[in-house]
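Visitor: Here's the letter readout for the chains.
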Amino acid sequence: MSEIKKLTTPLTAEAIRDLKAGDSVLLSGVIYTARDKAHKRLCDTLAEGKPLPVALENQVIYYVGPAPAKPGQPIGSCGPTTSSRMDSYAPILMREAGLRGMLGKGPRSKEVVDTMKETTSVYLAAIGGTGVSISHSVKKAEVIAYEDLGTCAIRRLEVEDLPCIVAIDCQGNNLYEIGVKTYEK
Amino acid sequence: MKTITTQQITEAVRQLCMDVSYDLPQDVEAALEQGLAKEESSFGKYCLEQIIHNCHLAREHRQAMCQDTGIAVVYLYIGQDVHIIGGSLADAVNEGVRQGYEDGYLRKSVVEEPLFERMNTGDNTPAVMHMELVPGDQLRIMVVPKGAGSENMGAMKMLKPADGLEGAKQFILDTVRNAGGNPCPPIVVGIGVGGTMEKAPMLAKQALTREIGSRNPNPLYAKLEEELLEAINNMGIGPQGLGGRVTALAVHIEYYPTHIAMLPVAVNINCHAARHKEVVL
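If you read the protein sequences in the order shown, they are chains P and Z.
Residue 67 in the numbering used here sits at position 67 of the first sequence, and the numbers go up by one each step.
Numbers given in the numbering used here equal positions in the second sequence, counted from 1, plus 1000.
Next comes chain P alone, as it looks inside the complex:
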């Protein structure tokens, strides 16, 4: 594994170009949570030509549905959910809303990777099933849209040094393919 890079949101195209598949990253700044239902609403809103409830330009969406916070905590366990469920929506957000980064777990579709290349975007992977340790990187959390969706609402998270790996970079280098080929017998 490479040395650890620090990355702070919002992300510029220059910052994204600097990231290579396989880089270890500590992510800080504001990120937004969204899962399937929130993605559907965001894409429907774009299709209707209306403004989004949150400006996504140069931002990162974290695919997560957190567990409830215990008293005194900003958030409960909050590891990544399976990203492929968002594959049909993600290209729309990158192309039409300027979304620059996605944080989740697991492989992405060819269409997502192609759009990442086209829009200079990055896909980061957090480690699935490490919800407690990730929650310790979250300093503040508030629901900012679609409150009726409960855990699936859009939250604004302030994170500090959230550990993740560049799984797919903006050139389309894909750790899910490279890594598996390396160890396939």
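Treat the hints with care, since some could be wrong.
Stated by the list, open to error - For lysine-lysine, the following DSSO-like pairs were computed, each having C-alpha atoms within a straight-line distance of at most 30 angstroms:
| # | chain 1 | residue 1 | chain 2 | residue 2 |
| --- | --- | --- | --- | --- |
| 1 | P | Lys181 | Z | Lys1157 |
| 2 | Z | Lys1038 | P | Lys185 |
| 3 | Z | Lys1045 | P | Lys185 |
| 4 | Z | Lys1157 | P | Lys185 |
| 5 | Z | Lys1169 | P | Lys185 |
| 6 | Z | Lys1169 | P | Lys110 |
| 7 | P | Lys139 | P | Lys6 |
| 8 | P | Lys110 | Z | Lys1045 |
| 9 | P | Lys20 | Z | Lys1038 |
| 10 | P | Lys139 | Z | Lys1045 |
| 11 | P | Lys6 | Z | Lys1045 |
Stated by the list, open to error - Label pairs and their calculated CB-CB ranges:
| # | chain 1 | residue 1 | chain 2 | residue 2 | range |
| --- | --- | --- | --- | --- | --- |
| 12 | Z | Arg1059 | P | Glu48 | 45 to 51 angstroms |
| 13 | P | Lys20 | Z | Leu1159 | 42 to 48 angstroms |
| 14 | P | Ser24 | Z | Ala1090 | 47 to 53 angstroms |
| 15 | Z | Ile1260 | P | Lys20 | 55 to 61 angstroms |
| 16 | P | Lys50 | Z | Met1129 | 41 to 47 angstroms |
| 17 | P | Glu48 | Z | Thr1005 | 52 to 58 angstroms |
| 18 | Z | Lys1160 | P | Glu3 | 51 to 57 angstroms |
| 19 | Z | Leu1220 | P | Lys181 | 32 to 38 angstroms |
Stated by the list, open to error - Some chain P residues well away from chain Z (every beta-carbon gap over 10 angstroms; in silico):
| # | residue |
| --- | --- |
| 20 | Gly29 |
| 21 | Val54 |
| 22 | Ala55 |
| 23 | Glu57 |
| 24 | Ser88 |
| 25 | Glu111 |
| 26 | Lys140 |
| 27 | Tyr146 |
Derived by calculation from the structure, the hints in this document are not laboratory data.
Remember, it's a predicted structure, so these values are computed and weren't measured experimentally.
The C-beta atom is built at its ideal place from N, Cα and C for all residues, glycine as well.
Chain Z: place on chain P using the hints.
Guide: Chain Z in isolation, oriented as in the chain P frame:
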């Protein structure tokens, strides 16, 4: 004859729902440690270290190891000589799930109806319950919460008897390969063979609750478990799908007699958080 109250059952289920979310079974943790010793990939090692660290944090803070605290699958093995008083057994179990998920700060992930509105029930009920009458005067309750990341990767197929062992192996390995990094590897693979179209998936789910690395008592199936485990770990998927040697911690197969013209095969994949916990009343 033993009398058990529905209040006792509710309390037991409540406690199990919380404990199972915080406390990974020792055999699973030991298998993760063994995986770490075997893993060659640096990403794989890093992932396993983080997963084990998280499991310690979850126990220490009594916080859910994974935010997906699942849909609660509850097995009830009811002794024939047990008399349950105080109302409906199913209601008692659901009340335990409701209290456990609320009091334990666990995520409520159940929608009331799957196709149209998909409205969250708000309290993680109802549980999926499997009840079986067994000899004796005890009630054994096992809670097996299951998250979507891994449950979504399972599959079942009605093979032809002519497909045989090779067909079954191919279907199992294809299912795991297609799942790739999605179900949070390293995984546990539960396989059910035989019975009928509903029986095989039941066996596959039960296979996940066996002690990690235990072998089927039938030597032919035990050997098949080992062979499949090796084949899966040779796929290179690795922890989190980022490449590596440790894709599966175990393969468990359960079988049941089947019809002369059937060969049902079901594969149920569990993430590394292979949660299950039981209590005997």
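Visitor: Run every hint past the structure and note whether it holds.
Guide: Hint-by-hint comparison with the structure:
This hinted pair checks out: Lys181 (chain P) and Lys1157 (chain Z) have alpha carbons roughly 28 angstroms apart, not beyond 30 angstroms. As the CA atoms of Lys1038 (chain Z) and Lys185 (chain P) are separated by approximately 15 angstroms, the hinted pair is consistent with the 30 angstroms bound. Proposed proximity of Lys1045 (chain Z) and Lys185 (chain P) is supported: the alpha carbons are some 19 angstroms apart, at most 30 angstroms. Among the hinted pairs, Lys1157 (chain Z) with Lys185 (chain P) is consistent with the structure: their alpha-carbon atoms are about 27 angstroms apart, no more than 30 angstroms.
Proposed proximity of Lys1169 (chain Z) and Lys185 (chain P) is supported: the alpha carbons are some 17 angstroms apart, at most 30 angstroms. Taken as a hint, the Lys1169 (chain Z) and Lys110 (chain P) pair is honoured in the structure, with Cα atoms around 28 angstroms apart against an allowance of 30 angstroms. With a C-alpha separation of about 17 angstroms, the suggested pair Lys139 (chain P) and Lys6 (chain P) falls inside the 30 angstroms cut-off, and the hint holds. Proposed proximity of Lys110 (chain P) and Lys1045 (chain Z) is supported: the alpha carbons are some 27 angstroms apart, at most 30 angstroms.
For the suggested pair Lys20 (chain P) and Lys1038 (chain Z), the alpha carbons sit about 27 angstroms apart, so the restraint of at most 30 angstroms is met. Between the alpha carbons of Lys139 (chain P) and Lys1045 (chain Z) the distance comes to roughly 27 angstroms, so the proposed pair stays at or under 30 angstroms and holds. Of the pairs offered as hints, the one joining Lys6 (chain P) and Lys1045 (chain Z) holds, with about 21 angstroms between alpha carbons and a cut-off of 30 angstroms not exceeded. The hint said 45 to 51 angstroms for the Cβ distance between Arg1059 (chain Z) and Glu48 (chain P), and at roughly 48 angstroms that hint holds.
Checked against the hint of 42 to 48 angstroms, the pair Lys20 (chain P) and Leu1159 (chain Z) passes, with Cβ atoms roughly 44 angstroms apart. The hinted window of 47 to 53 angstroms between Ser24 (chain P) and Ala1090 (chain Z) holds, with their beta carbons roughly 48 angstroms apart. The given range of 55 to 61 angstroms is respected by Ile1260 (chain Z) and Lys20 (chain P), whose C-beta atoms sit roughly 57 angstroms from each other. Between Lys50 (chain P) and Met1129 (chain Z) the beta carbons are some 44 angstroms apart, a value that agrees with the proposed interval 41 to 47 angstroms.
For the pair Glu48 (chain P) and Thr1005 (chain Z), the beta carbons lie near 55 angstroms from each other, so the given range of 52 to 58 angstroms is met. Checked against the hint of 51 to 57 angstroms, the C-beta distance between Lys1160 (chain Z) and Glu3 (chain P) comes to roughly 55 angstroms, which is consistent with it. Between Leu1220 (chain Z) and Lys181 (chain P) the C-beta distance comes to about 33 angstroms, which sits within the given range of 32 to 38 angstroms. No beta-carbon of chain Z is positioned within 10 angstroms of the beta-carbon of Gly29 (chain P); the least distance is around 21 angstroms.
At roughly 21 angstroms, the least C-beta separation between Val54 (chain P) and chain Z is larger than 10 angstroms, which holds for a residue marked as non-interface. Listed as a non-interface residue, Ala55 (chain P) keeps its Cβ farther than 10 angstroms from every Cβ of chain Z; the least gap is roughly 26 angstroms. Non-interface status of Glu57 (chain P) relative to chain Z is upheld: no Cβ of that chain comes within 10 angstroms, the nearest being about 28 angstroms off. Every CB of chain Z is more than 10 angstroms from the CB of Ser88 (chain P) (nearest about 15 angstroms), matching its label as outside the interface.
Against chain Z, the non-interface label of Glu111 (chain P) holds: every CB pair exceeds 10 angstroms, the least being about 17 angstroms. In this structure Lys140 (chain P) is separated from chain Z by more than 10 angstroms, as the shortest Cβ-Cβ distance comes to about 17 angstroms. Non-interface status of Tyr146 (chain P) relative to chain Z is upheld: no Cβ of that chain comes within 10 angstroms, the nearest being about 13 angstroms off.
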